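Participant: Sequence:
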Amino acid sequence: MADYVKFTVPKELKEKQFSVLEKAAKSGKIRVGSNVTTKAIERGSAKLVLIAQDVSPPEIVMHLPLLCREKQVPFTFVSTKKELGEKAGIGVGASAIAIVDEGDAKKELDDLAKKLADLSK
Numbered sequence: 001m002a003d004y005v006k007f008t009v010p011k012e013l014k015e016k017q018f019s020v021l022e023k024a025a026k027s028g029k030i031r032v033g034s035n036v037t038t039k040a041i042e043r044g045s046a047k048l049v050l051i052a053q054d055v056s057p058p059e060i061v062m063h064l065p066l067l068c069r070e071k072q073v074p075f076t077f078v079s080t081k082k083e084l085g086e087k088a089g090i091g092v093g094a095s096a097i098a099i100v101d102e103g104d105a106k107k108e109l110d111d112l113a114k115k116l117a118d119l120s121k
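In the UniProt record's numbering, the protein residues as written are 1 to 121.
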């Protein structure tokens with residue numbers, strides 16, 4: 001596990017976060033990559049941030065959990081960049097993704113955010 005990964009996401013939450021990501025990618029808006037994810041968090045438009053655990057060098061995404069806590073944005077971890085990119089429907093790996101418009105996944109996202117907040121304490 002990478003240094004920046006502060007908690008383990010249970011299996012049922014992993015499935016739920018992928019469901020939210022897939023719905024948001026189809027009916028809402030997402031931002032892909034660590035730079036645009038950082039901007040979305042700083043601007044207050046990020047609703048949920050998903051961070052890959054296999055990013056090399058880890059400094060690319062190491063600041064994201066700290067920034068999310070500071071801005072009170074829920075965040076979670078995904079095993080690989082490849083898996084994160086596939087679930088977002090972009091066809092390539094992604095180090096980080098921010099959901100900025102949840103689209104049809106609003107209720108699911110709210111529920112997931114509460115559970116992730118409890119997990120990251």
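Calculated from the structure, these hints are not laboratory results. Wrong hints could be hidden among the right ones.
Claimed, not checked - FRET-style restraints, in silico, Cβ to Cβ:
| # | residue 1 | residue 2 | range |
| --- | --- | --- | --- |
| 1 | K26 | D3 | 12 to 22 Å |
| 2 | P57 | K107 | 32 to 42 Å |
| 3 | P57 | E108 | 25 to 35 Å |
| 4 | P57 | K106 | 33 to 43 Å |
| 5 | D104 | D3 | 15 to 25 Å |
| 6 | K107 | E59 | 15 to 25 Å |
| 7 | D111 | P57 | 28 to 38 Å |
Stated by the list, open to error - Calculated pairs, DMTMM-like style, for lysine to aspartate or glutamate (alpha carbon to alpha carbon, straight line, at most 20 Å):
| # | residue 1 | residue 2 |
| --- | --- | --- |
| 8 | K39 | D111 |
| 9 | K16 | D104 |
| 10 | K23 | D118 |
What you are looking at is a predicted structure, and each value in this text was computed from that prediction instead of being measured. In this text, a Cβ means the ideal position worked out from N, Cα and C, and glycines have one as well.
Participant: Range first: 15 to 25 Å. Now tell me if the beta carbons of D104 and D3 are that far apart.
Facilitator: For D3 against D104, whose Cβ atoms are near 35 Å apart, the range 15 to 25 Å is violated.
Participant: How does the Cβ-Cβ distance of K26 and D3 compare with 12 to 22 Å: does it lie in that range?
Facilitator: Violated, at about 33 Å.
Participant: Take a quick look at whether K23 and D118 sit within 20 Å of each other, Cα to Cα.
Facilitator: 23 Å, violated
Participant: With 15 to 25 Å as the target window, see if K107 and E59 comply at their CB atoms.
Facilitator: 36 Å, violated
Participant: Quick one: are P57 and E108 within 25 to 35 Å, going by C-beta?
Facilitator: This hint holds: roughly 33 Å between Cβ atoms.
Participant: Hint says 28 to 38 Å; check whether the CB-CB distance for D111 and P57 agrees.
Facilitator: 34 Å, holds
Participant: How does the Cβ-Cβ distance of P57 and K107 compare with 32 to 42 Å: does it lie in that range?
Facilitator: 37 Å, holds
Participant: With the threshold set at 20 Å, check whether the alpha-carbon distance from K39 to D111 stays at or below it.
Facilitator: 24 Å, violated
Participant: Tell me if the beta carbons of P57 and K106 are separated by a distance inside 33 to 43 Å.
Facilitator: 35 Å, holds
Participant: Would you mind confirming whether the straight-line C-alpha gap from K16 to D104 stays at or under 20 Å?
Facilitator: 14 Å, holds
Violated hints, listed in ascending order, are 1, 5, 6, 8, 10; each of the other numbered hints is respected by the structure.
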